[in-house]
Structure formats: structure tokens, C-alpha cells
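Trainee: Residue numbers (our numbering): 1 to 899.
A portion of the hints provided could be inaccurate.
Straight line, CA to CA, 30 angstroms or less: simulated DSBU-like cross-link-like pairs of lysine-lysine [what the hints assert, rightly or not]:
| id | residue 1 | residue 2 |
| --- | --- | --- |
| 1 | K157 | K98 |
| 2 | K179 | K786 |
| 3 | K194 | K279 |
| 4 | K827 | K729 |
| 5 | K179 | K425 |
| 6 | K786 | K157 |
| 7 | K425 | K98 |
| 8 | K425 | K194 |
| 9 | K827 | K894 |
Okay, the calculated beta carbon distance ranges per label pair [to be verified]:
| id | residue 1 | residue 2 | range |
| --- | --- | --- | --- |
| 10 | R708 | G674 | 55 to 65 angstroms |
| 11 | L737 | G674 | 50 to 60 angstroms |
| 12 | H586 | G820 | 40 to 50 angstroms |
| 13 | E255 | D29 | 37 to 47 angstroms |
Don't read these hints as lab results, they were simulated from the structure.
Just so it is clear, CB atoms sit at the ideal spot from N, CA and C, and this is done for glycine as well.
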Amino acid sequence: MTATYPVHREATVVLRDGSTVTVRPIRLDDEAELARFFTELSLESRVFRFFAAVANVDSSVKRMVDVDYSSRYGILALGGTGLGIVGHAMYVTIEPGKAELALAVADAYQGRGLGTILLGQLAEAASAAGIQVLEAVVRPENHRMLEVLRESGFPIKSRSEPGEVHAELPTELTFEALKQFEDRDRLAAVAAVKHLLAPRSVAVIGASRTRGSIGAELFRNLVTTGFNGPIYPVNRSAASVENLTAYGSVFEIKEDVELAVIAVPADAVVEVARECAQKGVRSLVVISAGFAESGPPGVELQRRLLEVCRESGMRLVGPNCMGVINTSPAVNLDATFAPDRPVRGRIGFLSQSGGLGIAVMARAQALGSGVSSFVSVGNKADISGNDLIQFWESDSETDVIMLYLESFGNPRKFARIARRVSRGKPILAVKGGRTQAGNRATSSHTGALLSASDVTVDALFQQAGVIRTDTLSELFDAALLLGSQPLPLGNHVAILTNAGGPAILCADACEAGGLVVPPLPAAVRRELATFLPAAASTANPVDMLAEAKGDDYRRAIGILAHCSEVDAVIAVFTPPLVTPGSEVVHAIHAAASELPRRIPLLSVFMSKESAPRVIRSGDVSVPHYPFPEEAARALSMAARYSAWRALPDEPAVVPDGIDRDHAAAVIAAALDAGEGWMQPQAVVELLGCYRIPLVETRFATSPREAGRLARAIGSVVALKAVAPGVLHKTDAGGVRLALKGAAAVERAASEMSTAFEKGGHPLEGFQLQPMVTGGIEMIVGVVQDKHFGPVVACGAGGTATELLKDVSVRITPISPGEAGRMVRSLKTFPQLDGYRGAAKADVAALEDTLLRVSALVEAHPEIAEMDLNPLIVRTEGAVVVDARIRLEVGVARKPLGAR
Numbered sequence: 001m002t003a004t005y006p007v008h009r010e011a012t013v014v015l016r017d018g019s020t021v022t023v024r025p026i027r028l029d030d031e032a033e034l035a036r037f038f039t040e041l042s043l044e045s046r047v048f049r050f051f052a053a054v055a056n057v058d059s060s061v062k063r064m065v066d067v068d069y070s071s072r073y074g075i076l077a078l079g080g081t082g083l084g085i086v087g088h089a090m091y092v093t094i095e096p097g098k099a100e101l102a103l104a105v106a107d108a109y110q111g112r113g114l115g116t117i118l119l120g121q122l123a124e125a126a127s128a129a130g131i132q133v134l135e136a137v138v139r140p141e142n143h144r145m146l147e148v149l150r151e152s153g154f155p156i157k158s159r160s161e162p163g164e165v166h167a168e169l170p171t172e173l174t175f176e177a178l179k180q181f182e183d184r185d186r187l188a189a190v191a192a193v194k195h196l197l198a199p200r201s202v203a204v205i206g207a208s209r210t211r212g213s214i215g216a217e218l219f220r221n222l223v224t225t226g227f228n229g230p231i232y233p234v235n236r237s238a239a240s241v242e243n244l245t246a247y248g249s250v251f252e253i254k255e256d257v258e259l260a261v262i263a264v265p266a267d268a269v270v271e272v273a274r275e276c277a278q279k280g281v282r283s284l285v286v287i288s289a290g291f292a293e294s295g296p297p298g299v300e301l302q303r304r305l306l307e308v309c310r311e312s313g314m315r316l317v318g319p320n321c322m323g324v325i326n327t328s329p330a331v332n333l334d335a336t337f338a339p340d341r342p343v344r345g346r347i348g349f350l351s352q353s354g355g356l357g358i359a360v361m362a363r364a365q366a367l368g369s370g371v372s373s374f375v376s377v378g379n380k381a382d383i384s385g386n387d388l389i390q391f392w393e394s395d396s397e398t399d400v401i402m403l404y405l406e407s408f409g410n411p412r413k414f415a416r417i418a419r420r421v422s423r424g425k426p427i428l429a430v431k432g433g434r435t436q437a438g439n440r441a442t443s444s445h446t447g448a449l450l451s452a453s454d455v456t457v458d459a460l461f462q463q464a465g466v467i468r469t470d471t472l473s474e475l476f477d478a479a480l481l482l483g484s485q486p487l488p489l490g491n492h493v494a495i496l497t498n499a500g501g502p503a504i505l506c507a508d509a510c511e512a513g514g515l516v517v518p519p520l521p522a523a524v525r526r527e528l529a530t531f532l533p534a535a536a537s538t539a540n541p542v543d544m545l546a547e548a549k550g551d552d553y554r555r556a557i558g559i560l561a562h563c564s565e566v567d568a569v570i571a572v573f574t575p576p577l578v579t580p581g582s583e584v585v586h587a588i589h590a591a592a593s594e595l596p597r598r599i600p601l602l603s604v605f606m607s608k609e610s611a612p613r614v615i616r617s618g619d620v621s622v623p624h625y626p627f628p629e630e631a632a633r634a635l636s637m638a639a640r641y642s643a644w645r646a647l648p649d650e651p652a653v654v655p656d657g658i659d660r661d662h663a664a665a666v667i668a669a670a671l672d673a674g675e676g677w678m679q680p681q682a683v684v685e686l687l688g689c690y691r692i693p694l695v696e697t698r699f700a701t702s703p704r705e706a707g708r709l710a711r712a713i714g715s716v717v718a719l720k721a722v723a724p725g726v727l728h729k730t731d732a733g734g735v736r737l738a739l740k741g742a743a744a745v746e747r748a749a750s751e752m753s754t755a756f757e758k759g760g761h762p763l764e765g766f767q768l769q770p771m772v773t774g775g776i777e778m779i780v781g782v783v784q785d786k787h788f789g790p791v792v793a794c795g796a797g798g799t800a801t802e803l804l805k806d807v808s809v810r811i812t813p814i815s816p817g818e819a820g821r822m823v824r825s826l827k828t829f830p831q832l833d834g835y836r837g838a839a840k841a842d843v844a845a846l847e848d849t850l851l852r853v854s855a856l857v858e859a860h861p862e863i864a865e866m867d868l869n870p871l872i873v874r875t876e877g878a879v880v881v882d883a884r885i886r887l888e889v890g891v892a893r894k895p896l897g898a899r
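Generate the whole structure from the sequences, applying the supplied hints.
Mentor: As C-alpha cells, this is what we get:
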């Protein structure tokens, strides 16, 4: 076996019951262990795998480990607690583009989703190797294998022959197949988190009697909150803790322990975790610090801790975290050392920072809000935001999901999960670290546009429907609204006030956030005038003047809410001398109870009496804000989220006419010459494979040949230098435009060659293109982000691209609707749309190019950077005038189902 081991295909995956296994490519040294695996299979499983009751599998196993990771490929699933290999799958090419697959799963692991995972990862590897079809030959009575194939989501074609069924499946991951894997992953995540947030029993290892210590405060919280299950303090030197019998180790506990919370010194954690694994504990919460956050020794310690968890199938929160909370009356779990008792609410909250989590919990309590559950994920060694979001998606106790994030473990998976979850429940996020100081310097126009800020995170959140806030204060403002009010159906707002100044600030903040404060219809104004003073303003904002009473607020809110031109109402109260604030608070709440239709109602209470941030009575709640700008900002976030939810949920598409295999061959040939910028001829060939429109381009190796080609082109010519290492050719004098005739082209080529020779950059040749006139210069580009994968950008093109910075960004793959929104979000779009009577550009052609570029970089992660600049969009069609592509070996994505 001389092929390079594909380490990037190693992955930890979660099974249907929430436990984990490791999946990796097979190696030569797996032969003995693989033979043991097949020998220990039940007779029925061996018959199904080998079509006979094979007693000696050694010869078959020898062939199984003889792989080249391309035409012959195999993967193993490794279980925990010394179980070794628990699954095997492989394919062998039988003809060009087609391979036969075989799969076997240990009897104890059947029915847990492992077969589906192995099949998906095998298909993914086959597709990357240029294999379009996998065929399985299955005995008719092998119902489990047939079920795995049917439930995979791949479109299966089957035919029956005597004694066997032949099933074929395409290796391309279809939308249906991806959905099946996502559904399986969701169920696995929910099962895993349930062991953490709804355990039947809890042991606290490091429970202490010393008040003020983490072990003491955590255990006290667990006891005083009233956890609905047995609690076991583990303390080697105490007989009891909080009047409960203490145990010297987890082994001394006779009953099962589902969750263990560890609060011991870091150097003791790994051994304690190993004891928990032997005890059969399902999940760990490691409070202890001193791991990856503390430097290289801590990184190694965390690796060893995670290894123990992986080997045993235990799931892990932390280390370096403050614990977990579940306020459901059926659970009552507070396994944290937070000083304040959690208030029950409808918010699921994740914090990557323990200290910030404590502060946020206190803030939530002060605001009269609360959480359904809270998880401090700490170093995120295992359980992450992806798991928790999927748990909260199905949790009937949670209406709003709130995140404080500092990093992403698997952002592409986060995007897929969040996009699905946001369709049903709002996700709010504060993402720390907006700057990207220290990022790798990029040399392309696209790289320069994307390296200056966290526009990639913005793109991810925007595509996934995640509401991003800049501050924790904004996070709470939006959460209070989304947790108590319906979503606005539009962006038209009515403002009601008893003072003009705050209403003006509110209107300004609304419009700054993309909301509209429209004039009210005449009929509505007349109705308001029937009870308001003559001096009151019945326009929008509606100023009822300082003497407005609580009943005036109630009546006016009802009228405004009834108006079809109004999508939300903000009621602003500034305390005058004559009207007590409590009267207005109760009036606003009464109005909320009487609303003729469900629209958002927000109140701004600018009074020293300080109304609670949420007024509740029965099923009716109204959020209150101390300043009008806060209410307007929260409402604008809700309106944008509502608009996103109204968009069709469409999948990405692969445009027609694509030759993926030819493209792979072009890239492979280019990489044979080394990483870096592709030769222009190869760029032209690669773009042609995806039908990305490129202006007719010819290549010459000498000035004389350039002249001959110019004569053949027969029109005004653009001449460009082919000079490796020179990226911005215009700046270097490597572009001459509007050359007429062969003589002019030959002369310009000769001058260019001489100039580059003197500058130390001898030319390899010349590109010749017919001049493209008219149209609008745009740029479409890609940067391969090491965390997010391909990031595609579209914006104003030409030499001023970096100066204008008019760019829209998305993470691939993108859907047709997403491509359209990218283009329409640009400041340049009015120019494309016929600005000041000009002819409209072919926007559809630009969108099609975006989709083709997305498909290209999704299929070929070796593309590290791409610039199509300028891409000239004309009244009919679009054409790329200049293109550059940089390749990089080793750019790999996580396998299907990986955490």
C-alpha cells in the first residue's frame, strides 16, 4: 500500500442513541483486528457478508486491507471500552465510474445508525475518487442491509436475480440523502444531550464541605434546587456532604450513575473519567480548568480526557466550564456554582465563557426573564453548540435559543443545522472576536475583501437565519421581544407617545434599522382624533401630549393595531406630573389582551418607577424597554428574521452542463506541477468544464505569434502578459487594451516582453482576447476559509474593487434565491437594474455564474482562491475577462456525519 493515508477522513460520529464511535480509513496494520471482528460476528452476519458460512476469513481480510484509497477503499468503525472494530465498509472498482460495496456491522451495534453512517462516508469517498455508482449485492433475507440502503436517502435502483438482490446508488449526495443524515444526526444529538440535561441520577466527584469552594457551591446548588433524582457526593475524606452519604469513589456507588460532574484538580481528571467509564456513566461535565485553555500541557491533558470519553462512548461538556442547568419541574437540575438560583423561562442559553454565563444568568433574573436550560460548554472538547441547538429544536420547554460564541467547531454543519432550526425557533447569537488580526495575508482581490473583518461569520448567520447582535444587552432586548410577541408580518411601525422628543428618537432608530414609519390612513387619524386633544398629532408618530392617560394608551393601541398598514406598535411613555406610570403600564397590558389581531406590541417606559422588562398576566406578555432606541433595534431584528423565515426554503442546485470528471483531471494535472496559481491555459479549460462564460482567449509564446493570432481574431484586441508570480498585471504594465491590427499587437507584445525582462519577470507568453465593450464590471471570487470552507463573494469589479468594497458574501453551496439576494444587496445593483434610464444588465446571467462558481468550489476543495475580475455583465449574457485560480493541496472537509 503506497498511497497516502487520508487522515482528513478520520471522524468521530454520533450514533442514534447519543453514543460515539470513531470512523477512519483502514490500514495494513488492521489485518489482525479485522479478522477478529469477522470471526466474532454471528453466523448469520458472516453469511450475509460473505454469502457463505466462512470459517477462516484470513484470505478475505488480507484483500480488505490492501487498499489504495481510490479504486479500493475501506473504512472502519471503532467502538469504546476495548470493543475495537465494530463496523467495516469498503468498495472495489469493477469498471470505470462504478464500484461494488460491502458492509458489516457488529451485532451489538446493529439498529443504531452505524450502517447508514458507513454507507454515507463510503459514498462520499467514492464520489471524490470519480466513482459515480456503488453497487451492493445482497442476499434477499438480509433485511437489515436492504433497510440501510432504503433509508439512506440515496435514490436506489434494484434488480433481483436468483438468490441475490443487486442495488445501485449514485455517490453524489442528493438533497434527500443529506436530509436523511441530518435527521439521524438530530436524533443522535437529542439523545446525547438528554443524558446531560435530564439525567436520572447525578454524582458530583469533588463535592466538598468547604463553603465557598466550587465543589461545595455546586453540590449545594444541586441539592437545594431539588433535583428529581438521586444525588451522590464523591469525596475521599468526608463521610457526608450536605447531609448525604459521601462515597470514596464512583465505584462505591451501587446504583447506576447517568451524569457525573467532576470538580477535582486537572491532573486528577483523566483518572476520574476513566473510573466513570468503567462504572458505565453516560455523560460527564468537567468543571475543572487547566486544559487546552492553559497551554500545551493542558492541550495534551484534554486530548487524553477526550480519548477516554471516545473509547467509552461517554459524552463530555467542558472542560473548564461552569456546568449545566435545566429548570423544568420534571428535572430541577442546577449543576453549576452560580450564586443565583436560576429562574424558569423559555430561553435555551449556551455560553462558551463560564464567567460571562454567570453574569448573564444574573442579568436574566434581574430582567424578570429566565431559562429553560443553560449549558456552559467551556473548551467544547465534545458537546458543542451544534448538539445543543438540535436539542432545543425539539424541546417543548424552549421557545428562543440564545448563544454566546467565541469560535466554531464545525461551522458548515452549524450553518445547515441553524438554517433548519431557525425556520421554527429564533436563534440569537453574540459572536466574540469580530476582528481577524493575524489572518493569513491574501493576495487576490477577493482575499483582500474578505480578510479585513468577520464578514464570513456575518454571511453564515445571514444565510442560516441567525439573529446576530453586537452586545449582550442587544441579545436580551431581542430575546425579550421574540419570547413574548408574534413576529411582525412586515416592517411598518406605528409609534405612540406622550412626548415628541422620544418619539423622534424612536422613529430615527426604526428607519436606521430598516423599518418604515408610514403616514397613517385618514380614517385612522379621524378615529384617533375623536378622543385625543385638538393639539395632539395623529400622524405617525402619534403624539397624544403630556396629559395622556392610561385609557388613551389603551384605546390608541387598539386602533393602531387594527390598521392594516401597521405591522407593529411601539408605545413610548415619558412620565409627566399628572399620570402615574403604573396606570400606563396596566393600560398597555390591557391593550395587549384586547388586540384585534396578533401583532408585536413593545413599550418604552422612560420612568424612574422602572417597570419590569416583561409584564405578564396569564398568557399575555409585553416587553418593556428603558429607551426607544433599544425597542426599535429589537423590533428591526425581529422584522429581518421574519422576512428571512418568509423566504422559500430551497436547496442549492448543481447547474446543468457540468463536466466534473474533466475538471478533476485538469486540477490533478495542475497540482502535479505544484501548488499555486494555475497556468492561464488551465484556468480557461477548468472554467469551461463548468460552463463559466469566459471571453474567447488565445495564447501566444512570442510577439510574432501574437501578431498572427490578432489577425485571426480580426477585431480590436486586448493583450495580457502570462507572467508567473505577477498577480495584478495592470499595475505591472502587463495589460494593453484596444490594440488595432496585427502590427500594433506584435509591437505591444515586444515592448511588454522587454519591460518584464528588465523587471526580472520574464514572460512565458501572451493572452489575446477580443475587446469586450459596454456592460458593467463586476467581480465574482472565492476564498477557501480553513474553518468555513469556500466563501464566495460578488461585488463591484474592475481595478477599484478593493477601494469600493461593495461586496456581498455567502458560504457555499448557494441556492438560486441566495444568488439573487447576493446581487440585489449590492449598492451597485441599481446600476445593473437600469439606473437613470440605462438598459438593464442581464442579472440572471450573473446569478447563473455565481451558481456555477459555487458548484465548482464545492466539488473541488483544492481551489484555495479564485478571482473572476472583471466579469462584465451586458444586456444579454455575462462574460469573464480575466480569471485567476490558486490551488492548494490538503484542503479537506470533515466527512459526512462528523462532529
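Trainee: Given the proposed pairing of K827 with K729, does the C-alpha separation stay at or below 30 angstroms?
Mentor: At roughly 27 angstroms apart (the allowed maximum being 30 angstroms), K729 and K827 satisfy the hint.
Trainee: Need the status of pair K786, K157: alpha-carbon distance at most 30 angstroms?
Mentor: Violated: K786 and K157 sit about 37 angstroms apart, past 30 angstroms.
Trainee: Is K179 within 30 angstroms of K786, Cα to Cα?
Mentor: 25 angstroms, holds
Trainee: Straight-line Cα separation of K827 and K894 no greater than 30 angstroms?
Mentor: With a Cα-Cα distance of about 36 angstroms, the restraint between K827 and K894 is violated, given a limit of 30 angstroms.
Trainee: If you draw a straight line from the CA of K179 to the CA of K425, is it 30 angstroms or shorter?
Mentor: OK: K179 and K425 at ~19 angstroms, within 30 angstroms.
Trainee: Tell me if the beta carbons of E255 and D29 are separated by a distance inside 37 to 47 angstroms.
Mentor: 41 angstroms, holds
Trainee: Keeping to a limit of 30 angstroms between CA atoms, is the pair of K425 and K98 held or broken?
Mentor: 43 angstroms, violated
Trainee: Below or equal to 30 angstroms on CA atoms is what counts here, so check K157 against K98.
Mentor: 14 angstroms, holds
Trainee: May I ask you to test the hint 55 to 65 angstroms on the CB atoms belonging to R708 and G674?
Mentor: 31 angstroms, violated
Trainee: Decide if the proposed pair is consistent with the structure: K194 and K279, CA atoms, cutoff 30 angstroms inclusive.
Mentor: 19 angstroms, holds
Trainee: Compare the distance between the alpha carbons of K425 and K194 with 30 angstroms, and conclude whether the hinted pair is satisfied.
Mentor: 19 angstroms, holds
Trainee: Evaluate the given range 40 to 50 angstroms for the C-beta pair formed by H586 and G820.
Mentor: Given range 40 to 50 angstroms: holds, Cβ gap about 48 angstroms.
When the structure is compared with the earlier hints, violations turn up for hints 6, 7, 9, 10 and 11 and for no others.
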